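Number of protein chains: 2
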Amino acid sequence: MRIGIAGCGLIGGSLALALRDDHDIVAYDPAGTGDIRPVPRLDDLLPADAVIVATPLAQIVPTLAALAARSGGALLLDVGSLKRDVVAFARSAPASCSIVGGHPMAGTTERGYGAARADLFRGRPFFLVPTDRSDGSAMAAAGELVRSIGAVPTVVSAVEHDRIVAILSGLPLAVALALARTGADVSEFAGPGFRDATRLAATPPELASALLKGNSAEVRAALARFRAALDDIEKDLE
Amino acid sequence: MRIGIAGCGLIGGSLALALRDDHDIVAYDPAGTGDIRPVPRLDDLLPADAVIVATPLAQIVPTLAALAARSGGALLLDVGSLKRDVVAFARSAPASCSIVGGHPMAGTTERGYGAARADLFRGRPFFLVPTDRSDGSAMAAAGELVRSIGAVPTVVSAVEHDRIVAILSGLPLAVALALARTGADVSEFAGPGFRDATRLAATPPELASALLKGNSAEVRAALARFRAALDDIEKDLE
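These protein sequences, in sequence, are chains A and B.
Each residue of the first sequence is one higher than the last, beginning at 5 in my numbering.
Each residue of the second sequence is one higher than the last, beginning at 5 in my numbering.
Quick caveat, the hints were computed from the structure, so don't treat them as lab data.
Here the structure is a predicted model, which is why all the values come from computation and not from measurement.
Yeah, the Cβ is synthetic: ideal placement off N, Cα and C, and Gly gets one too.
Be aware that a few hints might be false.
Unchecked claim - Pairwise CB distance ranges (calculated):
#, chain 1, residue 1, chain 2, residue 2, range
1, B, A69, A, P209, 51 to 57 Å
2, B, D236, A, P42, 39 to 45 Å
3, A, A221, B, R121, 45 to 51 Å
4, B, D240, A, M5, 41 to 47 Å
5, A, P60, B, A232, 29 to 35 Å
6, B, P208, A, G116, 47 to 53 Å
What the hints assert, rightly or not - Chain B residues, not near chain A, derived (Cβ > 10 Å throughout):
#, residue
7, E210
8, K217
9, D240
Given only the sequences and the hints, what does the whole structure look like? Please build it.
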């Protein structure tokens, strides 16, 4: 298949590396595409069998919109960390489009193509979120792509996806930020336990903002559950 | 110097490995002492220039008490995670005793001599807490021992020590336990970020209980500061 990659950072680059042995891969990224064959403009990713949108979160819907107008039969699969905006966009996208939301549950706090690895997704869950523009063959093609990189395709709704991500990404990020602030004046003594517990506080600010503010209702719900659990633990101290 | 090690697990074993090239080391541990020369009874650690007490936290004061009665000129240095009980014990210990509280800020969630490493303390802070039985030569000898294993001797009061440990160990442990409970129903999807953030939830229960219940006033104060920081972060979501 010919597969285009829009955004060739950690995730896009890792997808390109994982797919390039079996597919014809081209990538578009103004910041560079490492040793993945570049195209000069986003539009040049088309025509293709699939285009994977792996831009920063804020650019995902605009990129999908730019591609949707002339995607032909190409599967458009985004791999951003939140899915409701993608599902909302798909609802009003051209009827001929094929759009599936995706989210690999893999990553590091490193960024960019330099940190990309072909095995980043191996054995990891990879959420697939159907949209109003996902027919059976689109979901099947997305599932096949995910399986071919060694990940485990896991179908969820956008609402359930964003709830899970609030618990597994937004909540621990908020907690790490609060822990880091609480321990700031004694952090020179911190050992590996505290450092691991606060590692997510090093999340790039724009991603942190997206995971927290971009999913604020679900993050607030997760924080409420977390506070109740913490209250129970504090009661045990008495 | 002849140095006795009471308790030859991760910390005691690592101290023995770090010290044995330059000193005559014997260890007492009913659970075994790995390849450190054993003695059959605690009392057989004496006479010595120093005895390091590296038992589980609950046994530290009883072990110090057993040794203090006949310690001669030996420096007694404990390496437990909390210091107020040691300072309180020292106050009523025989006047001839030499007792310094110690706490290396190093460790892993692994346990036992099998996880011990000579370089565990290298570059790490090692708190030294003076007691009513710490004269200048006792503090100097403790500082020298700490420097000889590559750690950084850092003198603090017992109160300040237990406050720091509440923030750097008790608080992140309580938070990890609460995060793990909150995410229990979606943990199958957890990536490295969530796993690192909850790693301390695997702390052995008796150590967890000591760090939380054994230091409950300071842990509660740390929890109050953490909640305030988390509230600020949540306000930013709006």
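### Task
Find the nearest Cβ of chain A to the Cβ of D240 (chain B) and say whether that gap is larger than 10 Å.
Non-interface label on D240 (chain B) violated, nearest chain A Cβ at 7 Å vs cutoff 10 Å.
#### Entry: Non-interface claim for K217 (chain B) versus chain A (Cβ beyond 10 Å)
violated (6 Å)
### Query
Taking the closest pair, is the beta carbon of E210 (chain B) still more than 10 Å from chain A?
At about 14 Å from chain A, E210 (chain B) clears the 10 Å cut-off, so the statement holds.
### Query
Falls inside 41 to 47 Å, the C-beta gap from D240 (chain B) to M5 (chain A)?
Holds, at about 43 Å.
### Query
Taking the beta carbons of A69 (chain B) and P209 (chain A), is their distance inside 51 to 57 Å?
holds (53 Å)
### Task
Check the following: the C-beta atoms of D236 (chain B) and P42 (chain A) are separated by a distance inside 39 to 45 Å.
Check passed, 43 Å falls within 39 to 45 Å.
### Query
At the C-beta level, are A221 (chain A) and R121 (chain B) separated by a distance inside 45 to 51 Å?
holds (47 Å)
### Query
Between P60 (chain A) and A232 (chain B), does the C-beta distance stay in 29 to 35 Å?
For A232 (chain B) against P60 (chain A), whose Cβ atoms are near 31 Å apart, the range 29 to 35 Å holds.
#### Entry: CB-CB spacing for G116 (chain A) and P208 (chain B) relative to the 47 to 53 Å hint
The hinted range 47 to 53 Å is violated for P208 (chain B) and G116 (chain A), with Cβ atoms some 39 Å apart.
In this structure, the earlier hints numbered 6, 8, 9 are contradicted, and the remaining ones agree with it.
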